[in-house]
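Following the hints, put chain C in place on chain H, whose structure we already have.
Protein chains: 2
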Amino acid sequence: MPERRSRPLTVAVVGATGAVGRTMLQVLIEREFPFAELRALASPRSAGSTLELDGQRLAVAEARPAAFEGVDVALFSAGGAVSGELAPRAVERGAVVIDNSSRWRMEPGVPLVVPEVNADDAADHEGLIANPNCSTMQLVPLLAALRDAVGLERVIVDTYQAVSGTGHKAVAELQAQVEAHVAGRPAEASVYPHPIAFNALPQVDVFLDDGYSREERKVIDESRKILHLPALRLSCTAVRVPVFTAHSEAVHVETREPIDPDRARELFTAVPGVLVVDEPAAARYPLARDAAGRDEIFVGRVRQDASLPDGRGLAFWVVSDNLRKGAATNAVQIAELLLARDWLPPAWRRAGRPA
Amino acid sequence: MPERRSRPLTVAVVGATGAVGRTMLQVLIEREFPFAELRALASPRSAGSTLELDGQRLAVAEARPAAFEGVDVALFSAGGAVSGELAPRAVERGAVVIDNSSRWRMEPGVPLVVPEVNADDAADHEGLIANPNCSTMQLVPLLAALRDAVGLERVIVDTYQAVSGTGHKAVAELQAQVEAHVAGRPAEASVYPHPIAFNALPQVDVFLDDGYSREERKVIDESRKILHLPALRLSCTAVRVPVFTAHSEAVHVETREPIDPDRARELFTAVPGVLVVDEPAAARYPLARDAAGRDEIFVGRVRQDASLPDGRGLAFWVVSDNLRKGAATNAVQIAELLLARDWLPPAWRRAGRPA
Numbered sequence: 001m002p003e004r005r006s007r008p009l010t011v012a013v014v015g016a017t018g019a020v021g022r023t024m025l026q027v028l029i030e031r032e033f034p035f036a037e038l039r040a041l042a043s044p045r046s047a048g049s050t051l052e053l054d055g056q057r058l059a060v061a062e063a064r065p066a067a068f069e070g071v072d073v074a075l076f077s078a079g080g081a082v083s084g085e086l087a088p089r090a091v092e093r094g095a096v097v098i099d100n101s102s103r104w105r106m107e108p109g110v111p112l113v114v115p116e117v118n119a120d121d122a123a124d125h126e127g128l129i130a131n132p133n134c135s136t137m138q139l140v141p142l143l144a145a146l147r148d149a150v151g152l153e154r155v156i157v158d159t160y161q162a163v164s165g166t167g168h169k170a171v172a173e174l175q176a177q178v179e180a181h182v183a184g185r186p187a188e189a190s191v192y193p194h195p196i197a198f199n200a201l202p203q204v205d206v207f208l209d210d211g212y213s214r215e216e217r218k219v220i221d222e223s224r225k226i227l228h229l230p231a232l233r234l235s236c237t238a239v240r241v242p243v244f245t246a247h248s249e250a251v252h253v254e255t256r257e258p259i260d261p262d263r264a265r266e267l268f269t270a271v272p273g274v275l276v277v278d279e280p281a282a283a284r285y286p287l288a289r290d291a292a293g294r295d296e297i298f299v300g301r302v303r304q305d306a307s308l309p310d311g312r313g314l315a316f317w318v319v320s321d322n323l324r325k326g327a328a329t330n331a332v333q334i335a336e337l338l339l340a341r342d343w344l345p346p347a348w349r350r351a352g353r354p355a
Numbered sequence: 001m002p003e004r005r006s007r008p009l010t011v012a013v014v015g016a017t018g019a020v021g022r023t024m025l026q027v028l029i030e031r032e033f034p035f036a037e038l039r040a041l042a043s044p045r046s047a048g049s050t051l052e053l054d055g056q057r058l059a060v061a062e063a064r065p066a067a068f069e070g071v072d073v074a075l076f077s078a079g080g081a082v083s084g085e086l087a088p089r090a091v092e093r094g095a096v097v098i099d100n101s102s103r104w105r106m107e108p109g110v111p112l113v114v115p116e117v118n119a120d121d122a123a124d125h126e127g128l129i130a131n132p133n134c135s136t137m138q139l140v141p142l143l144a145a146l147r148d149a150v151g152l153e154r155v156i157v158d159t160y161q162a163v164s165g166t167g168h169k170a171v172a173e174l175q176a177q178v179e180a181h182v183a184g185r186p187a188e189a190s191v192y193p194h195p196i197a198f199n200a201l202p203q204v205d206v207f208l209d210d211g212y213s214r215e216e217r218k219v220i221d222e223s224r225k226i227l228h229l230p231a232l233r234l235s236c237t238a239v240r241v242p243v244f245t246a247h248s249e250a251v252h253v254e255t256r257e258p259i260d261p262d263r264a265r266e267l268f269t270a271v272p273g274v275l276v277v278d279e280p281a282a283a284r285y286p287l288a289r290d291a292a293g294r295d296e297i298f299v300g301r302v303r304q305d306a307s308l309p310d311g312r313g314l315a316f317w318v319v320s321d322n323l324r325k326g327a328a329t330n331a332v333q334i335a336e337l338l339l340a341r342d343w344l345p346p347a348w349r350r351a352g353r354p355a
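So the sequence lines, in the order shown, correspond to chains H and C.
Counting in my numbering, the first sequence runs from 1 upward without gaps.
Counting in my numbering, the second sequence runs from 1 upward without gaps.
I should point out that these hints are in silico values taken from the structure, not numbers from a laboratory.
Note that CB positions come from ideal geometry on N, CA and C, so glycine has one too.
Hints are not guaranteed to be accurate.
[Stated by the list, open to error] Listed next, the stretches of chain H that the computed footprint assigns to chain C, with coverage defined by at least 3 CB atoms under 8 Å from CB atoms of chain C:
| # | segment |
| --- | --- |
| 1 | 200-213 |
| 2 | 223-236 |
| 3 | 248-260 |
| 4 | 277-287 |
[Unchecked claim] Incomplete in silico selection of chain C near chain H, CB under 10 Å:
| # | residue |
| --- | --- |
| 5 | T17 |
| 6 | V157 |
| 7 | Y160 |
| 8 | A162 |
| 9 | V191 |
| 10 | Y192 |
| 11 | E216 |
| 12 | L229 |
| 13 | L234 |
| 14 | S235 |
| 15 | C236 |
| 16 | F244 |
| 17 | S248 |
| 18 | R303 |
| 19 | S307 |
Okay, chain H solo, but in the shape it has when bound (with noise of 0.2 Å):
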């Protein structure tokens, strides 16, 4: 055995006190992730105040380059800026950062890893791995088991997604919304462009100048990337809903061989992390409040898509807490992955190093 793997690890949090970070410390304890020491490392406004978690207090610290000194694993979640000039200072410090920014998942040599999907692609990590998007996150391991059964031809999903992905604003915001509602005022909005409660906004992150959203081009190029089809055939409408966790998807599979929706229920079983729950008759399918606060990625509605009669095709609905498994829980799986096939430092370290 390596002798890394019997040294206690000193794990950090970059954007502690952000939904998601908040999640990752959270996940963290209950995975029982074997740190020895954990940091909470925040914005210098965040810095110096107190996180109340699993009954014990975590003082934040402020996520500058010396914070991580010492530090085995770094999972960030404080945005592309803040990813973009740390991570680079954790790595020369040795740690192994895994960033669930947008700022490296399309870097080439940077691994964008689901690992029920592509476990494999972490083994070659230079000390950055990307936590994909939480509507890529939910949709691959399903698209997975398809390509491996049945070959995919073209995918259409359409979002319905929650506000905590937005982050702690986005939540208070929809709050107030729906606050002022019972009062009999008019909703301000302030995060979002227009107000979110009683409303379906087609907008989630920047317009680009195809008239797709980024995050409808996240979800089209990391889906291509993770499951090693770059030139999948996928499109996307992003929608934000007043849902305050967890994100739903209808999703459109045109496949390259039939495949009855029987056999897509046992194909999806049988994937790690998944939950098949499809009895429509007895109103049985996945639901946002039910997903809110699991680990888990829940399908139903399976059924041939009625627009490709030959059998070639299926309609599901996905739905999986975007902070958990969308977020947080598969940047931990990630880091469980590196510990449990020794994979956590570089590879050109462990290169080096004396067997």
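Chain C alone, transformed into the frame defined by chain H:
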């Protein structure tokens, strides 16, 4: 001019106390439909009550066969069972029925009409004309424009449907659940099988054996009938979201010939009743909150579908008030069409009538 045109009309609304029925009465008045008498009809339970309408009081009478004596046009929105029983009784008495339930929509010989799309289908009516489902209504004028210009290969539509489509009780249920949330109480559900507040329910209407919901089946079958494309490849996932009024739809269309977004916007702009709202960079796109209370169909987020790289496809976002264009306004437009073209009496009566 035939005598009928000059005679003042008697118009009945069946289901006058329901969400759509009340809107029908309102739209008849707003659009100055030339009635001499307006009869508000409803179930025995509601008969005897009074409606406030445009500052006037309207007594509600019981919807029974004799109530249709002397009626020229009857707009029905009281559910399939009532339409099945009473619509033929009204027609026997000389009324033309425009029915908003699903009871007669797919019946051969019953025209299913969206005036902007297939007005001529109304010519051959035999006393009964069906008003399409709300989700279908806002979709088909846009599909018809694409069908005529570039041909339709395949359509995917995922819906974000408002609770008012279910009726007053569902509106009250969402309101009560939101009030409970603000007060810190749990949500109680009875109209829907699960809480609708802060949730997305992938169920609209009941489920069929093939896994599709009846709502999804309606969108498929009714679109095919209205568009005169009985084999159109169309799939749909119908989802209820916590929005009070106006349905939104994410649409992905594969076309026979290539089409670019600018041309599509031109085509959509030329459709009567359609408003293109499409400046995403300025956060201008169709929104349920903006469409509520309006008669138009709003379309935006028009872009080349990324899953069809040869330009033979579009993605877009459609929003319309489900109670107005999605139900009441279209029904009144059908009545206006019959009047304007002198199609008010059934075809067989017109044929037998002295010239």
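Structure-based check of each hint:
1. 200-213: holds (count 9)
2. 223-236: holds (count 4)
3. 248-260: holds (count 3)
4. 277-287: holds (count 6)
5. T17: With Cβ-Cβ at 24 Å, over 10 Å, it is violated.
6. V157: 9 Å, holds
7. Y160: 4 Å, holds
8. A162: 9 Å, holds
9. V191: 13 Å, violated
10. Y192: Holds, because the Cβ-Cβ distance from C/Y192 to chain H comes to roughly 9 Å (cut-off 10 Å).
11. E216: 8 Å, holds
12. L229: 12 Å, violated
13. L234: 5 Å, holds
14. S235: Interface hint status for C/S235: holds (4 Å vs cutoff 10 Å).
15. C236: 8 Å, holds
16. F244: 5 Å, holds
17. S248: Since chain H brings a Cβ to about 5 Å from C/S248, closer than 10 Å, the hint holds.
18. R303: Status holds, d = 3 Å.
19. S307: 4 Å, holds
Hint compliance for this structure: hints 5, 9, 12 are not met, and every other hint is.
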